[in-house]
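K.L.:
So you can see what is in the structure, the chains are spelled out below.
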Amino acid sequence: MKPPPFDYHAPVSVDEALEALAEAGPHGKVLAGGQSLIPLLNMRLVAPSQLVDINRVGELDTLTADAGGVRVGALARHATVERSAEAAAVQPLLRQALALVAHPVIRNRGTVVGSLVHADPSAEMPAALALLGGSVRLARLGGEREVAAADFFIGPMESAIEPGELAVSAFFPALPPRSGTAFREVARRHGDYAVAGMAALVTLDEDLRIVSARVACVSVGPGPVVVDVSDACGRRPAASVPWDAVTAAVRDRIDPDEDIHATAEYRRHLTGVLAERALKDAARNAVTEAAHE
Amino acid sequence: MTTKLFGEPVRRREDARLVTGQGRYLDDLGPGALAAAFVRSPHAHARIRDIDVSAALDVDGLVAIYTWEDLPGALAEPLPLLIPHPALTHGRTAYPLAKDVVRHVGEPIVMVVAEDRYIAEDACALIDVEYEFLKPVVGVEEAVQGVHLVHEDVPGNVGAHMVQEVPSRDGRSAAEAIAAAPHTLEFRLDIERSACMPLEGKGVYARWDADDQSLRVYSSTQTSTSVRMAVAAKLGLPLPKVEVIAPDVGGGFGVKIVHPWPEEILIPWAARLLDREIKWTEDRREHFVSSAHERAQVQHVRVGFDDEGRVLGLDVTILHDNGAYTPYGIIVPIITSTQLLGPYKIGAYRVEFSSIYTNTVQVTPYRGAGRPQGVFCMERTMDRVAAYLGRDRTEVRAANFIGPDEFPYDQGLIFQDGRPLIYDSGNYPESLRMLKELIGWDSFPEMKARAAADGRRIGIGVGCYVEGTGVGPYEGGHVQVTSDGRVHVSTGLTSQGQGHETVFAQIAATELGVPIEKVSVVTGDTRRFGYAVGTFASRAAVMSGNAIALACRKVREKALRIAADALEADPRDLEITDGIVHVAGTPSASIPLATVAVLSNPLRYAFDEETKRATQFSGASSMDRPPVDEGEEPGLEGRDYYSPIRSTFASGMHAAIVETDPETAEITILRYAVVHDCGKLINPMIVEGQIHGGVAQGVGGALYEKMVYDEYGQLLNASFMDFLMPYATEVPRIETAHLETPSPLNPLGIKGAGEAGVIPVSAVIASAVEDAEAIPIDRMPISPSDLHTLRLRLAR
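Quick note, the sequences are listed as chains A and B, same order.
For the first sequence, full-length UniProt numbering gives the first residue as 1, with consecutive numbering after it.
For the second sequence, full-length UniProt numbering gives the first residue as 1, with consecutive numbering after it.
Please keep in mind that the hints were generated in silico from the structure rather than gathered at the bench.
Quantities reported herein were computed from a predicted structural model and do not represent experimental measurements.
A portion of the hints provided could be inaccurate.
As the list claims (entries may be wrong) - Straight-line alpha carbon distances no greater than 35 Å define the calculated DSBU-like cross-link-like pairs of lysine-lysine that follow:
#, chain 1, residue 1, chain 2, residue 2
1, B, K241, B, K558
2, B, K345, B, K448
3, B, K135, A, K2
4, B, K612, B, K554
5, A, K2, A, K29
6, A, K280, B, K448
7, B, K345, A, K2
8, B, K554, B, K241
9, B, K135, B, K241
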């Protein structure tokens, strides 16, 4: 379990990093937190010949929160974002999701943007970005583009990033008024990838009836599966929502696989259970939020 | 004896070193050594057509590449079959490097030696092996059909077939007793594969001393003495020219008692051949596919019983998956089939097992060593009998217990040591009483009803076991008191973190009457003690503990004799306290043990003030006798061995309360209680630690761990991402109580404790989940997905 040979680049600025990546083209790979890449290298499952380590690029170690949302730089560690009171105040789903990302030592090292680019359909952060309709900013030598979450996650372990590009930041929109979020998942062990997971966002009207409800499902599709269940919830307070219809609507949209940890049937069942639990949590949080306004 | 340390919760002396990174594990040694890596089979069953190494030859830093064809003499032969048994009619072992056929994914084919491990792995990746695919055999029930063979010359894939039968007291066979019983049940049970998974994998580091023509081998092993003999034999070296040392070892749990592993003879061989230091450190992926697994069995049970739940006849047929090879013989199924009876007296018993080859990693003992499967079988049987009769599960068990006055109790079977299975002592009714009190068994129905009212499902489970521990043939101990008053204890068996340095020091300090700080302990170093068997079968404390106690008693007797001379006293009037020999009741008439050590060794040459007392003009010795009297030896040291007539039988009972989520089917252990009886406790804290670790591994086996092979013999979860061992977050707080029923078989009255914790856990969790769900549980482990599937099946 030793990686095959590679050339190692340690740029100290975004420009240097982009130059290295441009030169490397399809043979380049960015090393940030390394929580997925290093095991893949050691098991020789990936073999990039050019490794661009961005850990010395201080300008990427940023985290800003304003009324519009939270922008997370490429070097912001999970733990930093999780602990940020400002980020949590603007978008509580971040902290809710990050608490479920692996273990503290992994969160100390792993980065939010790295997790997004890795695009594991079992990971929490892609679901959070997709649910909120966020975006990822991709830089290349001489240019930059902002890719919406809906276009960013292409398939299992596949995002829209192109050779030569560096994901420099991700943007998570702020929580709308009278809204609440929640993240629920079932993992085999504490901190494991979810067997199934669910991020939920609920917005209420002034009478505390649900006007908008969305979930993003984890581990049951090629990427995060966003389902709008506003209609199924039917502009009612959470207590009188026909939950069977809501969970059926979610279950209809997913296509889970069987693996060694769970049958597809169990994942489908669990997704419904978690959708109901997460939506109820989110609605409850929305009520609390509305009371503060 | 005033220095009483035996029985005290003395803090582990090794911990400061081990938890502050000061341990010296295999990979910490020989930083400049060459590295070895292996090309291993990616296929479960294939014939090797050709090995093309040419592309690897250009790798910068490559030193050597070896295949089977390069191996000389005994090295080219199959590895030893360590434990031959008459029933193992078709024992088969692997070659150190595959000769013609590979029989499981991970089997080593080529060894590469290079300047470092990176380069060695680069070279491995460039070696091209051409295979002819053979049909893989996976799963015992498919294997036993014998359509495709793992070994061409083993018909039906049956390595061993064995039957043991114990008739009832009135002479009925199990079949007759079952036929005549008022009630009968018949069912099938399944247990999945798991593995030891020590934190540190295997590893070997060898240095050849060309000047001395000698070899020093470090191995992360559970038996350095036996590795030494194997290396000397395989390399054709004189035994005194080979030394083997087990450094700090990061866990073993059974896998490291198997030896010699291919690497344990290949690395020393290459080190000598190249006259270079070479090291191989197993990585986790190698450990998954090329070491050993355990547990997998399919059991068919027939039981006949009366209205009280007394078992009148029990007939068990076991298909045991031994993987591709049988280097450790059939110890695992023998233990399953004999320890299955647990604390019970069964009317008539028949057990039959077949040990079956499959194209999977070989099966050798893993902590518990066949007992978890046996206990699962017996305890599932007890629960089914109770359910059938509508009786309390503990009542049915109690109705079958061997009584406290029935010891020694002969189960009528032959145990893993080839000796009669005779329980030496125990008190099962008292254990059960303590357990029921600890877990609150009698008040549980109320608790369950309250939970149900809140929409929660909880269940309680129980499991009992008896564990044969302290298996022979022997261990030895050597104790030397040097002229500085220090006590040096050595024993040949090895340590993997159990706390031997502490408990052996407690025993020596207690026996000799010295402060524990004066005692140092060395294990697993053949330079210090050459005769030993190894660490397995919960035997270290029983075997080496007693041997060290006996050696200490010899030293003490000699010390008192010499001190008596010096003090002009009767040895029978002397005591040793805090390292000082003194006349009982007259503390002023005393001599330090250090001085006794000086006097024990008549000197011509003094090396300090103290030792002048032992020189020839000091007047210390009588002119009537030679300085070293007949029958005496110089020095204050002693060596003794302990060889038991039979194993000693520890026992225990566990109970758990679990909660199952009605929607997600998640299973949570709310409480876990253990009553444990390992005879006299040397160190209750260390025993508790052993229990905790064992239960943690048991929780893994019950709820998380399985080796998932596909039909092609590929291990689908050969990493810690998908092979799920419980984290601290999955292990419940463990409540323990101790019962001390001394063993009459050994001087210290102790029994083994190492494996106990793991043994009944699967049975206990199955019992509890079954109670919560009212669904029969007949296979382990059980995952939420499995439970969900069972619920759906029941609903249909």
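K.L.:
Out of the numbered hints, which ones does the structure contradict?
P.N.:
Hints 7 and 9 are the ones this structure does not satisfy, whereas the remaining hints hold.
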